Amino acid sequence: MCSKNEVIGIRSPLRISTGYPLLDLPNQATFATVFAFEIQFVTLFKDGTTLITGTDDRIPSFVDENFKIYRQSVTQTMMEAWHEHQIRVEAFEAERSQQKEDIKFSDFADILTIVEAILLVNNLFRKTEGCDGMMG
Numbered sequence: 001m002c003s004k005n006e007v008i009g010i011r012s013p014l015r016i017s018t019g020y021p022l023l024d025l026p027n028q029a030t031f032a033t034v035f036a037f038e039i040q041f042v043t044l045f046k047d048g049t050t051l052i053t054g055t056d057d058r059i060p061s062f063v064d065e066n067f068k069i070y071r072q073s074v075t076q077t078m079m080e081a082w083h084e085h086q087i088r089v090e091a092f093e094a095e096r097s098q099q100k101e102d103i104k105f106s107d108f109a110d111i112l113t114i115v116e117a118i119l120l121v122n123n124l125f126r127k128t129e130g131c132d133g134m135m136g
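Once you know that position 28 of the sequence shown is 28 in the numbering used here, the rest is easy, because the numbers rise by one and skip nothing.
Mixed in with the good hints, there may be bad ones.
Calculated cross-link-like contacts (lysine to aspartate or glutamate; reagent style EDC-like; alpha-carbon spacing at most 20 Å) [what the hints assert, rightly or not]:
no. : residue 1 : residue 2
1   : K68       : E116
2   : K46       : E80
3   : K68       : E101
4   : K100      : D57
5   : K46       : D107
6   : K46       : E90
7   : K100      : E38
Simulated from the structure, these hints should not be mistaken for laboratory data.
Because the structure is a prediction, the values reported are computed rather than measured.
Please work from the sequences and hints to get the whole structure.
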């Protein structure tokens, strides 16, 4: 059963995930979501670059040139992280590309699936005591 605005993703091999967008700004290509123990701000750009700012430093910062994903971990409050993300978005726009227009939640969900795969394949989740299963 699907709730209002819930997005369900089904991936092979039979992996089902559900989610809700927390932040969707009509004039920006930015979404925010809860991922594991953090808030993530995700912005997509026209050149295919994805900029992510996350609030949990147990998930490390990384750059993946193949998928053009730039992830920064900050140990800040949600509002401070949002402000930091906006500064990074402005810098990317000045140096690289403009934000992508007309994005769909499925674009955002696809990026998060890729990020999760990058973290798992490269074993980038940092061990956390007292947190078996989710990230440890």
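Evaluated hints:
1. A hinted pair counts as satisfied when its Cα atoms are at most 20 Å apart, and K68 with E116 qualifies at roughly 14 Å.
2. Among the hinted pairs, K46 with E80 is inconsistent with the structure: their alpha-carbon atoms are about 26 Å apart, more than 20 Å.
3. For the proposed pair K68 and E101, the alpha carbon gap of about 17 Å is at most 20 Å, so the pair holds.
4. Between the alpha carbons of K100 and D57 the distance comes to roughly 27 Å, so the proposed pair goes past 20 Å and is violated.
5. Our distance criterion of 20 Å between C-alpha atoms is met by K46 and D107, whose separation comes to about 12 Å.
6. Straight-line distance between C-alpha atoms of K46 and E90 comes to about 14 Å, which keeps the hinted pair within the 20 Å bound.
7. Between K100 and E38 the alpha-carbon distance is near 24 Å, which puts this suggested pair outside the 20 Å criterion.
The structure does not agree with the numbered hints 2, 4, 7 stated previously, though it agrees with the rest.
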